[in-house]
Amino acid sequence: MSDHDYATLVREDRVHTSLYRDGTIFDEEMDRIFKNTWVWVAHESDVPVKNSFKTSWVGREPVIVTRDREMKVNVLLNRCRHRAASVCEKKKGKASVFVCPYHGWSYDPDGTLRKVPHAAGYPEDFDKSEFPLISLRVETYQGMIFATFNNDIEPLVDYLGPARKWMDLFMKQGAGYGVKTLGEHKFRFPGNWKIQLENTTDAYHFPIVHKTFLDSLDAETENVFDVLGQGGWVEDLGNGHSVMVMIPDLIDLEDNLDAPIPDRFAELAQELRDEGHDDATVRKVVRAVGGSGFNLNLFPNVACSMAFFRVLRPVTVEETEIMHVAIGMDGGPAAGNRERLRLHEHFQGPMGFGTPDDAEGWERVQRGAHAGEDLWIMLNRGVDAPAGVAEPGHNAGDVSAETGMRAAYQQWKRMMTA
Amino acid sequence: MSEALEMTATITLAEATQFIWAEADLLDRLDYKPWLKLWTEGGKYIIPTERDPADYAEVLNIVYDNKVMREARAKRLLSGFSMSSAPPARTVRTVSRFVVTASGYDFIELRAAQMLAEYKYGHMRFLPADMRYRIVRAPDGALLLDEKIVTLINAEDYQFGIGYLL
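Protein chains in written order, with our numbering: chain Y, 26 to 443; chain B, 155 to 320.
Calculated directly from the structure, the hints in this document are not laboratory data.
It is possible that some hints are incorrect.
Simulated pairs of lysine-lysine, DSBU-like, Cα-Cα distance not exceeding 35 Å [as the list claims (entries may be wrong)]:
1. Lys236(Y) / Lys229(B)
2. Lys115(Y) / Lys229(B)
3. Lys119(Y) / Lys197(Y)
4. Lys97(Y) / Lys119(Y)
5. Lys197(Y) / Lys221(B)
6. Lys274(B) / Lys75(Y)
Computed footprint of chain B on chain Y, listed as stretches where at least three residues anywhere in the stretch have a Cβ under 8 Å from a Cβ of chain B [as the list claims (entries may be wrong)]:
7. 188-201
8. 235-241
9. 384-395
No residue lacks a Cβ here, since even glycine has one placed at the ideal position from N, Cα and C.
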């Protein structure tokens, strides 16, 4: 398919259904988007000490995120330079060397080829320095590690642009302790990756799809999650990134610390007091525990969503893997992190009160998308900007607007036709 | 303690097996209201995301339910408003390979294997799991679940949306 055709598949307020179905388009996306931009691979707390590692993905390619002896973070293709066997099949852990199990080539955590068994069998000009594990360019912001195959791309901070302000706010849920990952739920749905990308800044579906989650909350908390009724908004942050503010009161977790402690956190507050924490710390931790009141979508594969990272991995044109990474306070009170785990389990994961319904909705989109030959996915909701809330110069709509999706598809179009 | 009382209090493998099969039958028939009554006040229903954590409470699980969460979960699944469970997948499960790991005056602990097949919208999926049960005898003589841990064979790997109970 030519560049010109890609341009015609994305209009201002709709995208063509072939974006969900066409395997040729998917293959091009993997090259033109996932091999060309900053892709989230891990959080720094996943590799906290030297020689720690975590396996991850950049698009379809398996990588290892490592912390080397100099504490530098590396992102290495998980492929031996000899005959291509993967050199690491563990999810995470510690390793001072990665040994290929096939013929024993061994690599340092920075990718350097350390040793080759029976080296005498190679020609004299065989130079080990020519065969390190392939290293991707790596940059981090607020502890989030991004990698790219594109050495010429702009620096990460420039790519993130106005999204950085929201990343800074999001990390305040560390309550001053910093943020660390606490575990992850992984699940797949039989559908295209962009269906999930759209969902993170889609407040319109929330009261409908998540009715049973809302029904499981106490009245006070249910009001907090009345996301369409609190004057929130959704805003295009450039480069395909967008933010959806669902609970304006929870934008800045360091504000309103004098507010009464919600009933649902009364027990936690008491537990923290019993552990000897002063009132200011108790209030800060309790306010941080529920997470931020917004979802920040970072194109193309990660979101900072209330109290977790939401990561998507395209598997095939009609299969996507989602990871919901629970985050908590690094060094913070154990009771606070326990509470976060339980809150995460309540909504997220394959059997949460929210995730399975989202997944069912996305699967239904993919199934329905097979009907009709020349139909469009509509993204035309909410074109008028709400008054006085968005950053000047940015495109914004009310909280149920499809502004975030339009932002992502315009970036898709730019990258697919570049 | 009299010998007669001890004989009534002890839980045999046969009794425990019958109880577990009855529970499996309730779950496959989506009969969640009587299922809620099978539990002790402090009973824990756990589906972990890793094989053998040191302390389930301190790590992320797929499910870590106390009484309140179990009741909310059953209400959600029966409400008709959850897209993933209305209509629900059909399930057929068998529980077997029982091994008694501990027993005492009024309790028995077992491990077992569960093979569950799920069918919905043309998909057939299998969710094999290692099971752990702690079953206690209530003062009225009935058996109750005090702990049920469902460790999926692929606990740490990806799952699909699951709109029923394991």
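Each hint tested on the structure:
no.: 1; hint: Lys236(Y) / Lys229(B); in the structure: 12 Å, holds
no.: 2; hint: Lys115(Y) / Lys229(B); in the structure: 38 Å, violated
no.: 3; hint: Lys119(Y) / Lys197(Y); in the structure: 29 Å, holds
no.: 4; hint: Lys97(Y) / Lys119(Y); in the structure: 15 Å, holds
no.: 5; hint: Lys197(Y) / Lys221(B); in the structure: 32 Å, holds
no.: 6; hint: Lys274(B) / Lys75(Y); in the structure: 46 Å, violated
no.: 7; hint: 188-201; in the structure: violated (count 0)
no.: 8; hint: 235-241; in the structure: holds (count 5)
no.: 9; hint: 384-395; in the structure: holds (count 6)
Hints 2, 6 and 7 from the earlier list are contradicted by this structure; the remaining hints agree with it.
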